[in-house]
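Visitor: Sequence:
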Amino acid sequence: MSETSQVEKRGFQAEVKQLLHLMIHSLYSNREIFLRELVSNASDACDKLRFESLDNAALFESDPDLKIRVAFDKASRTLTISDNGIGMSRDEAVNHLGTIAKSGTKDFFSKLSGDKQKDANMIGQFGVGFYSAFIVADKVTVMTRRAGLGAEAGVKWECSMAGDEAGEYTVETYTKAQRGTDIVLHLREGEDDLLSGYKLRNIIRKYSDHILQPIVMQKEEWDAEKAEQVLKDEDETVNQANALWARSKNDITEDEYKAFYKHVSHDYDEPLAWSHARVEGRHEYTQLLYVPKHAPFDLWDRNPRHGLKLYVRRVFIMDDAEKLLPHYMRFVRGVVDSADLPLNVSREILQESKDVDTIRGGCTKRVLGMLSDLAENEKEKYAEFWKEFGKVLKEGLGEDFSNKDKLAGLMRYASTQTDTPEETVSLADYVSRMKEGQDKIYYVTADSFNAAKNSPHLEVFRKKGIEVLLLSERVDEWAISQLTEFEGKQVVSVAKGDLDLGKLEDEEEKKKVEEQAEEFKPLLEKIKATLGERVKEVRVTHRLTDSPACLVVDEHEMGMNLARMLKAAGQNVPSSAPILEINPEHPVVAKLGGEDARFDDLASVLFDQALLAEGGTLDDPATFVKRMNQLMLDMSK
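Going by UniProt numbering, the sequence shown opens with residue 1, and the numbers climb by one from there.
Be a bit skeptical, because a hint or two may be false.
What the hints assert, rightly or not - No farther apart than 27 Å at their CA atoms in a straight line, the calculated lysine-lysine pairs in the DSSO-like style are these: (1) Lys-381 / Lys-365; (2) Lys-453 / Lys-510; (3) Lys-511 / Lys-526.
Please keep in mind that the hints were generated in silico from the structure rather than gathered at the bench.
Given only the sequences and the hints, what does the whole structure look like? Please build it.
Guide: So, in C-alpha cells, the structure goes:
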C-alpha cells in the first residue's frame with residue numbers, strides 16, 4: 001500500500017467534541033462495550049454489502065466470504081478490527097466519522113441518566129458507537145475503501161486525542177487493495193490487558209457471539225520456553241457465527257436469547273418478554289420477537305425507522321422493515337427470516353406483497369399473544385409494559401380492527417375507584433364490578449387525571465356508586481371512540497347524548513326530571529335566547545347533584561376535548577355548539593330564575609363556568625372577569 005499527498009485536516013462538530021470528552025472521561029467503567037460497538041458496525045457493513053450485491057454481484061470482487069477479523073500487536077500496542085464489508089468512500093468517511101447525522105448526539109445527551117453503565121450501553125442506540133473506540137485508545141486510524149471502487153479510492157482517516165491535535169482529524173487518499181474497513185486502535189497507557197487473545201475472546205463471546213459473520217482471530221498456543229501464548233499462522237472462528245433464530249428453541253439458553261436481544265436492539269437492559277417460533281405451511285418463516293422493558297428514545301419521532309430485521313433464507317435484507325408489524329407495535333424488536341420472499345425484495349415490494357401481509361398478521365398475533373400472557377400471568381411485568389408503551393398500544397384500537405377484541409382486553413385505564421393515574425383497571429375488571437342492572441361501560445375524557453376525576457359529569461355516578469373510567473391521555477378520546485363495546489357491554493361517554501342510566505335510574509327520578517323540564521321551560525328558553533349560537537340547546541340535567549351546569553354534546557358528535565386537541569394541532573374541526581344542561585335545584589340557578597336586571601350576565605357566567613369545568617378556554621376572558629367582578633360587587637351590597 002502507498003499513500004498519496006492529498007491530506008486534509010478538519011475539526012469535529014461541537015457535539016462530537018462533547019461526545020468524545022464523555023467517552024474518555026465518563027464511560028471508562030464500561031470500557032468493554034467499545035469492542036461490541038465496533039464489531040456490530042463491522043457486521044452492519046457486511047450486511048449492507050450482501051444486500052447491495054443482490055443487484056450487483058461484482059461488488060464482492062474476488063472475495064465472497066464475508067467475515068470480521070480482530071487482531072492485536074503487543075509490540076506496537078494496537079488493536080485492529082477489520083471487515084470486508086461495504087466500506088466507505090471519502091465523503092462517507094467524513095460524514096460518518098467526522099460528523100453526526102441529524103440530532104443523534106443531542107438526543108443522546110438529553111437521555112443521559114448519570115448511571116454510567118446505562119449511559120455506556122445507550123451508545124449503540126444513538127448510532128454513535130464508533131466513538132466508543134476512544135474509551136481505550138488515544139489515537140484511532142481508519143483505512144477504508146468502498147466496494148466497487150478502485151484500490152486508489154481508499155481513504156485514511158485518523159484522529160489523535162493527545163496534545164494539540166485533540167478535537168481534529170485528518171483525511172487522505174490511500175491505496176487499499178481490499179474493500180472494507182480496518183480500524184486500528186492505538187491503546188492508551190494501562191490498557192495492556194486488551195493485548196491478550198484470551199481477554200478479547202471473552203469479550204467477543206460475551207457481547208458478539210451471535211453476530212452472523214464469522215469473527216476470526218489468529219489461533220494461539222502455549223510456548224513453554226517463552227512461558228506465554230504465541231500466535232500461529234492459522235485462524236479460528238471465535239463466535240458461533242450462525243443464525244440463533246434458526247436453531248431449535250431447546251438448544252438456546254435464556255442467556256443466549258437475552259444476549260441476542262441486546263445485539264439486535266442495542267438496548268442496555270434485558271427484554272421484558274420474547275417469542276421464538278417457526279411457521280410452516282403455505283408460507284414459511286421464522287420469527288424471533290422481543291418486547292423491551294423501556295421505550296426507545298425515538299418512539300415518538302415524526303420520521304421513525306422502526307421495525308424488524310428482515311432476512312430471506314438467512315441472507316440479511318434490511319433493518320427496520322416496518323411493514324412486518326403495524327405501526328402501533330413499533331416498540332417490538334427482533335428478526336423475521338422468510339423462506340418465500342425474493343432476495344431482491346425492496347420496501348416497495350414489501351408494501352404490496354401478500355406474503356408480507358401473511359407475515360405481518362402472524363407477527364401481530366404473536367405479539368398480542370405475548371402481551372396477553374403477561375397481562376394474565378405476570379401482572380407486575382405487564383404493569384411495567386403498560387407504563388412504557390400503553391399510549392402506543394392504544395393506537396391499535398383505531399388501526400387494527402381485526403384484532404380490536406384482543407387489544408380491548410389489553411387496555412388499562414384509571415377509574416373512579418383508583419387514586420392515581422398509575423393505578424389502572426382492565427375492562428374485564430370493570431365489567432366484573434358492574435352494578436346489578438348496569439348494561440354500559442362509562443367513561444369520561446379530560447386533559448388531566450385530576451380534571452377527569454373532578455368532572456361535574458361524574459356527580460350522579462358517584463351518588464349511585466357507579467364506576468367510571470377516567471381517560472386523560474391525548475390518544476384516549478380518539479382511541480376509545482373506535483371501541484363501541486366490550487363483552488357485549490356498550491362503551492359510552494358520560495358527556496355525550498342524553499344520559500341513559502337504564503335500570504339504574506328509578507321511575508321516580510325519571511318522572512322528576514320530566515316535571516322539572518316542563519316547570520323550567522320558560523327559564524330554559526330565556527337562557528337559550530341570551531346565549532344564542534353559543535349553545536345548541538338548554539335543558540334540565542339529571543347528571544348533576546352539586547354543580548349548577550355542565551356542557552355535553554350529542555351522542556354522535558366529536559367530544560369537546562378531542563375537538564380542542566385537533567384545533568390546537570391546526571386541524572379543521574367542524575363547528576358545533578354544545579348543549580348546556582342546568583341543575584334546577586342549585587342555588588345559582590334558583591337565583592337566575594328570579595333575576596331580571598343581570599340575567600344576561602348570570603347566564604353568560606353560568607355557561608363560561610361550565611366551559612372552564614370542561615377544560616375549555618374562554619373566547620373573551622376579559623368580559624368574563626368583568627362580569628364576575630360586577631357580580632361580586634352586587635353581592636357585597
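Visitor: Evaluate each hint against the coordinates.
Guide: Hints, verified against the model:
1. Lys-381 / Lys-365: 19 Å, holds
2. Lys-453 / Lys-510: Given pair Lys-453, Lys-510 holds - Cα atoms ~26 Å apart, limit 27 Å.
3. Lys-511 / Lys-526: 23 Å, holds
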